[in-house]
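Chains as they are written, first to last, in our numbering: chain A, 1 to 282; chain B, 1001 to 1282; chain C, 2001 to 2282; chain D, 3001 to 3282.
Treat the hints as calculated values from the structure; they're not laboratory data. Any given hint could be a false lead.
What the hints assert, rightly or not - List time: in silico BS3-like cross-link candidates among lysine-lysine, alpha-carbon distance up to 25 Å:
| id | chain 1 | residue 1 | chain 2 | residue 2 |
| --- | --- | --- | --- | --- |
| 1 | D | Lys3044 | D | Lys3087 |
| 2 | B | Lys1129 | C | Lys2185 |
| 3 | B | Lys1096 | A | Lys44 |
| 4 | A | Lys185 | A | Lys87 |
| 5 | D | Lys3129 | A | Lys129 |
| 6 | B | Lys1129 | C | Lys2074 |
| 7 | C | Lys2087 | C | Lys2002 |
| 8 | D | Lys3096 | C | Lys2044 |
| 9 | D | Lys3277 | C | Lys2250 |
| 10 | C | Lys2250 | D | Lys3044 |
| 11 | D | Lys3096 | D | Lys3002 |
| 12 | D | Lys3185 | A | Lys2 |
| 13 | A | Lys201 | A | Lys96 |
| 14 | D | Lys3250 | A | Lys87 |
| 15 | A | Lys44 | A | Lys96 |
| 16 | C | Lys2185 | C | Lys2087 |
| 17 | C | Lys2185 | B | Lys1096 |
| 18 | C | Lys2044 | C | Lys2074 |
| 19 | D | Lys3146 | A | Lys250 |
| 20 | D | Lys3201 | A | Lys2 |
| 21 | D | Lys3044 | A | Lys250 |
| 22 | C | Lys2201 | D | Lys3096 |
| 23 | C | Lys2146 | C | Lys2087 |
| 24 | C | Lys2002 | A | Lys44 |
| 25 | D | Lys3146 | D | Lys3185 |
| 26 | A | Lys250 | B | Lys1277 |
| 27 | A | Lys146 | A | Lys185 |
| 28 | A | Lys277 | B | Lys1250 |
| 29 | D | Lys3277 | D | Lys3096 |
| 30 | D | Lys3087 | A | Lys250 |
| 31 | A | Lys44 | A | Lys277 |
| 32 | C | Lys2250 | C | Lys2096 |
| 33 | A | Lys201 | B | Lys1277 |
Number of protein chains: 4
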Amino acid sequence: MKATFRLVIDCPDQVGLVAAVSQFLAALNASIIEASHHTDVHLKRFFMRHEIDADSLNISQDEFTQTFAELAKKYEMTWSFSSSQAKPRVALLASKEAHCLNDVLHRWHTGELNCDIPCIISNHDAMRKYAQWHQIPFYLIDFTNKIEAFRQIRELLIEHQIDLTVLARFMQIIPDEMCAELTGKLINIHHSFLPSFVGAKPYQQAYDRGVKLIGATCHYVTSVLDEGPIIEQEVMRISHSDSSEDMVRKGKRCEINALANGLRYHLEDRVIICQNKTIVFN
Amino acid sequence: MKATFRLVIDCPDQVGLVAAVSQFLAALNASIIEASHHTDVHLKRFFMRHEIDADSLNISQDEFTQTFAELAKKYEMTWSFSSSQAKPRVALLASKEAHCLNDVLHRWHTGELNCDIPCIISNHDAMRKYAQWHQIPFYLIDFTNKIEAFRQIRELLIEHQIDLTVLARFMQIIPDEMCAELTGKLINIHHSFLPSFVGAKPYQQAYDRGVKLIGATCHYVTSVLDEGPIIEQEVMRISHSDSSEDMVRKGKRCEINALANGLRYHLEDRVIICQNKTIVFN
Amino acid sequence: MKATFRLVIDCPDQVGLVAAVSQFLAALNASIIEASHHTDVHLKRFFMRHEIDADSLNISQDEFTQTFAELAKKYEMTWSFSSSQAKPRVALLASKEAHCLNDVLHRWHTGELNCDIPCIISNHDAMRKYAQWHQIPFYLIDFTNKIEAFRQIRELLIEHQIDLTVLARFMQIIPDEMCAELTGKLINIHHSFLPSFVGAKPYQQAYDRGVKLIGATCHYVTSVLDEGPIIEQEVMRISHSDSSEDMVRKGKRCEINALANGLRYHLEDRVIICQNKTIVFN
Amino acid sequence: MKATFRLVIDCPDQVGLVAAVSQFLAALNASIIEASHHTDVHLKRFFMRHEIDADSLNISQDEFTQTFAELAKKYEMTWSFSSSQAKPRVALLASKEAHCLNDVLHRWHTGELNCDIPCIISNHDAMRKYAQWHQIPFYLIDFTNKIEAFRQIRELLIEHQIDLTVLARFMQIIPDEMCAELTGKLINIHHSFLPSFVGAKPYQQAYDRGVKLIGATCHYVTSVLDEGPIIEQEVMRISHSDSSEDMVRKGKRCEINALANGLRYHLEDRVIICQNKTIVFN
Chain A
1 MKATFRLVID CPDQVGLVAA VSQFLAALNA SIIEASHHTD VHLKRFFMRH
51 EIDADSLNIS QDEFTQTFAE LAKKYEMTWS FSSSQAKPRV ALLASKEAHC
101 LNDVLHRWHT GELNCDIPCI ISNHDAMRKY AQWHQIPFYL IDFTNKIEAF
151 RQIRELLIEH QIDLTVLARF MQIIPDEMCA ELTGKLINIH HSFLPSFVGA
201 KPYQQAYDRG VKLIGATCHY VTSVLDEGPI IEQEVMRISH SDSSEDMVRK
251 GKRCEINALA NGLRYHLEDR VIICQNKTIV FN
Chain B
1001 MKATFRLVID CPDQVGLVAA VSQFLAALNA SIIEASHHTD VHLKRFFMRH
1051 EIDADSLNIS QDEFTQTFAE LAKKYEMTWS FSSSQAKPRV ALLASKEAHC
1101 LNDVLHRWHT GELNCDIPCI ISNHDAMRKY AQWHQIPFYL IDFTNKIEAF
1151 RQIRELLIEH QIDLTVLARF MQIIPDEMCA ELTGKLINIH HSFLPSFVGA
1201 KPYQQAYDRG VKLIGATCHY VTSVLDEGPI IEQEVMRISH SDSSEDMVRK
1251 GKRCEINALA NGLRYHLEDR VIICQNKTIV FN
Chain C
2001 MKATFRLVID CPDQVGLVAA VSQFLAALNA SIIEASHHTD VHLKRFFMRH
2051 EIDADSLNIS QDEFTQTFAE LAKKYEMTWS FSSSQAKPRV ALLASKEAHC
2101 LNDVLHRWHT GELNCDIPCI ISNHDAMRKY AQWHQIPFYL IDFTNKIEAF
2151 RQIRELLIEH QIDLTVLARF MQIIPDEMCA ELTGKLINIH HSFLPSFVGA
2201 KPYQQAYDRG VKLIGATCHY VTSVLDEGPI IEQEVMRISH SDSSEDMVRK
2251 GKRCEINALA NGLRYHLEDR VIICQNKTIV FN
Chain D
3001 MKATFRLVID CPDQVGLVAA VSQFLAALNA SIIEASHHTD VHLKRFFMRH
3051 EIDADSLNIS QDEFTQTFAE LAKKYEMTWS FSSSQAKPRV ALLASKEAHC
3101 LNDVLHRWHT GELNCDIPCI ISNHDAMRKY AQWHQIPFYL IDFTNKIEAF
3151 RQIRELLIEH QIDLTVLARF MQIIPDEMCA ELTGKLINIH HSFLPSFVGA
3201 KPYQQAYDRG VKLIGATCHY VTSVLDEGPI IEQEVMRISH SDSSEDMVRK
3251 GKRCEINALA NGLRYHLEDR VIICQNKTIV FN
């Protein structure tokens, strides 16, 4: 994989914006590999992502950051400029179901996910073996006292300098203050097609309602349960002959795929959160 | 199309049921073209549909009905035995959006839907031309007085001896007593993936929530809005770049396809309603 | 629908290209509604499409065209600058199957497709009624003499100043010289997932091979049968219980949707042909 | 999981067949959990699968087999009667790509696949760790001499009493005599939507052709490369912006899902091979 820089911009819309940015980039000899734009006409905001060949740039990442800051200020940009070689540090949390954990670990192991995984945290010892296979530190948290449990988790995230926390089928509700603290840095996979079937046992809810498709949703976590900005969704067809157990089994592939895509988009700086929605440049 | 009979059975589950029915059919020389079974293990109910080559049977439809009644009684069956040559009479109701109406009419016109369409009813004159193209009586109903409007619709359904009423994007809420009267004989297409986005302007709701897939649901109408038994659902992928107007345009194909499938399944006696769900032998 | 201009560019890739174009646009006060880029790293070519609010521009379309030509020359661009208000003139050709014709006509009738349809041409009189419903001139062509038939079709296309010819299930092979003459202006819908099942009776071929999915392909026509640049493809699941007749019926929705999308992409200048492939900015 | 028996029948079609079988089952008090039928009208053959609650049967599996043989003979049936508790012995063969191997192993590890996996065979040592994680014997085969390599593989299959051999991205062409020997017992996952892109590097072929969807096919292996009976296929949408490397990455989910489904169908006796096609009772 070629080293790249990713310039991600979110600012008020105005004529000349693209010209200013692309002139800036051209002056630095930036070879643009991928460029994506989006204008939200209701909010009058402009979103832009450039992926730039790192070798083409005639200044360093630090110099770029300093120089660009001026332009960014002029256009009131919220922005980031990151290198594909700086691997985000990702913590994985899981409870009993291992399919999402296994899939994320396998993709990471084979180099598909560009991140480090410094720790796996669970409230069930059954997840330990997955951590061991991949030689990743494993932390078993006792949830008898939930407040204490989350205090420990918070400490682990700080200790391991975690950039992104992934709830890979972690069946505990995250406290509001932790949601607030990790805004935009906490991803969940919910096993339904949101906003259908919020909360517990969504496959049973789906069975009871008699829907003909089931799904999964990868989203950022906010303090309102299953209501955060959606990154990715997957669905699949079922029929009257599927029991709720069949749905649990079949739905796993939706969960795995929605999480894998959502996670990759986040790690590649392809997601911009705007209010309660996302722009995903995929 | 070969003439067929459709034997549809819904009864308490017990050993010997299939044997009894298939023996009965074999004794009449019935050549079975298609057979489908389903057992609901929670409800301990059994559902069965046979499609039989009409020419193979050595007795008439009436004789079959009389003879089978005895067996049906023994096994406490709810059942029907219908001929593919008896065309159900279908009324189409639509408001302003013509895509579902146009699609159903085209499928009917080309012989794909096995039914008669004795009338099209609307609260907008814009639908008249579709009726005229197909030389079907058109009734424009004034909705200034809703009670009077539905009285007129009810009369039209009776007058035209309607077997099935299809709400092909009819944007008026059906009164409870009419829902009750037409139980299992009133089909709606709702432009969302239910139970998400019940009620008005579902595409706007979808836009506001930021979902990554939109859908449509074909369902039987009950007195609780958008909560009736689901027959068919369709979804398609969208992105942040789709406005709610884009969703309206793109979603039409979901609506068209879900309605077309749902309607065909109903007309071919493939749907059994069981509590608030459906068994669909497709 | 807001009036827009579409600037579509295809040229050798180089640093500064986007800057030059976006500076040019900013100087004319162009408000960019949609911008899409693609770099083909193997071919070292760059593709770009801008959709611009027509009202925002401070010069006329003609002036733009004249001024831009200089920039275009410098960067060796193949380019076009068109108005959303100039409706392309589309000829529809169909044989016996009406579903694609009906769908395109309905989308056109309801304003979804931004084009004029000056004529419908067929080798079967059964298509006449669709033309009549929409008050479009209909031409029945006798195919006893194929050379003469295509001579007549060619004349009709010239006479009606046709910009785009759509084979909406037209079951005659287009002569090589006509393919050449209409390069990039002749769209076909083939009822298989190409490159599977080229040529006649693709559903029968699919049945015989025992595939579990069927599909349809919308593509530009070239002199090699079913080998032209693909614009859009659709598939759907089938099973062993589907006869080839079932596939014919079910596959229609793939054909309709692939053609509808492909046609809209073309009419909105979203498709760039590059060798035997397409870039589709959708 | 409840213990069940699966009665699978393939025979000439005739009236009375279902009656005879269901009478036979009812006399043994068989409680039928799932029943599926299919008639091939062209071949005049009938296919049937019953899944029976093992506890409900009033005779043993052996007694059933002996008794049923008489009925089977009368109706010229090819048939099997197997227990869900007899785990088939599956050998996994893989080369360099681990995603299919990892997925199958995870499903097996979590009890989703009802089989034993006595050995993993590869021509690359990189697969060893997956075997080790799951404590399954691993055999590295040297392919310098292909004839000798396949002789060793054949011996391993015999030694481990293998019922089913799965090529989970095994990039060596199986010799004809081995294909013949393992007819109906050798499953492959091919990384294209067959019959498109047979043979080597299908993603590169897909890239070169410019298709808009990629896929994968799970099929039985016969001596003609990629031409055996298809069990399951999966597709996903791609665009002009996907390189062949992107397709390789994205397509993995199609491969994983098609193989997982195909393998499960086979293990649950849901697949009947009929000439070069399959009936899949799923």
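Evaluation of the provided hints:
Our distance criterion of 25 Å between C-alpha atoms is broken by D:Lys3044 and D:Lys3087, whose separation comes to about 33 Å. Straight-line distance between C-alpha atoms of B:Lys1129 and C:Lys2185 comes to about 33 Å, which puts the hinted pair past the 25 Å bound. For a cut-off of 25 Å, the pair hint linking B:Lys1096 to A:Lys44 is broken: about 31 Å separates their Cα positions. Straight-line distance between C-alpha atoms of A:Lys185 and A:Lys87 comes to about 15 Å, which keeps the hinted pair within the 25 Å bound.
With a CA separation close to 14 Å, the supplied pair D:Lys3129 and A:Lys129 stays within the 25 Å bound. Annotation: proposed proximity of B:Lys1129 to C:Lys2074 is violated, straight-line Cα distance about 54 Å (limit 25 Å). Distance check on the hinted pair: C:Lys2087 and C:Lys2002 sit about 14 Å apart at the alpha-carbon level, within 25 Å; holds. The suggested pairing of D:Lys3096 with C:Lys2044 is violated, with an alpha-carbon distance near 31 Å, which exceeds 25 Å.
With a C-alpha separation of about 20 Å, the suggested pair D:Lys3277 and C:Lys2250 falls inside the 25 Å cut-off, and the hint holds. For the hint pairing C:Lys2250 with D:Lys3044, the CA-to-CA distance comes to about 24 Å; that is within 25 Å, so the pair holds. A C-alpha spacing of about 37 Å is found between D:Lys3096 and D:Lys3002, which places the hinted pair above 25 Å, so the restraint is violated. Straight-line distance between C-alpha atoms of D:Lys3185 and A:Lys2 comes to about 43 Å, which puts the hinted pair past the 25 Å bound.
A C-alpha spacing of about 14 Å is found between A:Lys201 and A:Lys96, which places the hinted pair at or below 25 Å, so the restraint holds. Restraint check: the Cα-Cα separation between D:Lys3250 and A:Lys87 comes to about 21 Å, which is no more than 25 Å; the hinted pair holds. With a CA separation close to 44 Å, the supplied pair A:Lys44 and A:Lys96 exceeds the 25 Å bound. With a CA separation close to 15 Å, the supplied pair C:Lys2185 and C:Lys2087 stays within the 25 Å bound.
Between the alpha carbons of C:Lys2185 and B:Lys1096 the distance comes to roughly 34 Å, so the proposed pair goes past 25 Å and is violated. For the proposed pair C:Lys2044 and C:Lys2074, the alpha carbon gap of about 17 Å is at most 25 Å, so the pair holds. A distance of roughly 39 Å separates the Cα atoms of D:Lys3146 and A:Lys250; the hinted pair therefore is violated under the 25 Å criterion. Restraint check: the Cα-Cα separation between D:Lys3201 and A:Lys2 comes to about 23 Å, which is no more than 25 Å; the hinted pair holds.
For the hint linking D:Lys3044 to A:Lys250, the alpha-carbon distance of about 34 Å lies beyond 25 Å, and the restraint is violated. Simply put, C:Lys2201 and D:Lys3096 have alpha-carbon atoms about 39 Å apart, too far for the 25 Å limit, and the pair is violated. For the proposed pair C:Lys2146 and C:Lys2087, the alpha carbon gap of about 31 Å is over 25 Å, so the pair is violated. For the suggested pair C:Lys2002 and A:Lys44, the alpha carbons sit about 17 Å apart, so the restraint of at most 25 Å is met.
For the proposed pair D:Lys3146 and D:Lys3185, the alpha carbon gap of about 21 Å is at most 25 Å, so the pair holds. Restraint check for A:Lys250 and B:Lys1277: satisfied, since their Cα atoms lie roughly 20 Å apart, inside the 25 Å limit. Between A:Lys146 and A:Lys185 the alpha-carbon distance is near 21 Å, which keeps this suggested pair within the 25 Å criterion. Using a Cα cut-off of 25 Å, the hinted pair A:Lys277 and B:Lys1250 holds, with the two alpha carbons roughly 20 Å apart.
A threshold of 25 Å between alpha carbons decides the hint, and for D:Lys3277 with D:Lys3096 the separation of about 30 Å lies outside it, so the pair is violated. Taken as a hint, the D:Lys3087 and A:Lys250 pair is honoured in the structure, with Cα atoms around 21 Å apart against an allowance of 25 Å. Taken as a hint, the A:Lys44 and A:Lys277 pair is honoured in the structure, with Cα atoms around 15 Å apart against an allowance of 25 Å. With a CA separation close to 17 Å, the supplied pair C:Lys2250 and C:Lys2096 stays within the 25 Å bound.
At most 25 Å may separate the alpha-carbon atoms for a hinted pair to count; A:Lys201 and B:Lys1277 meet this at roughly 18 Å.
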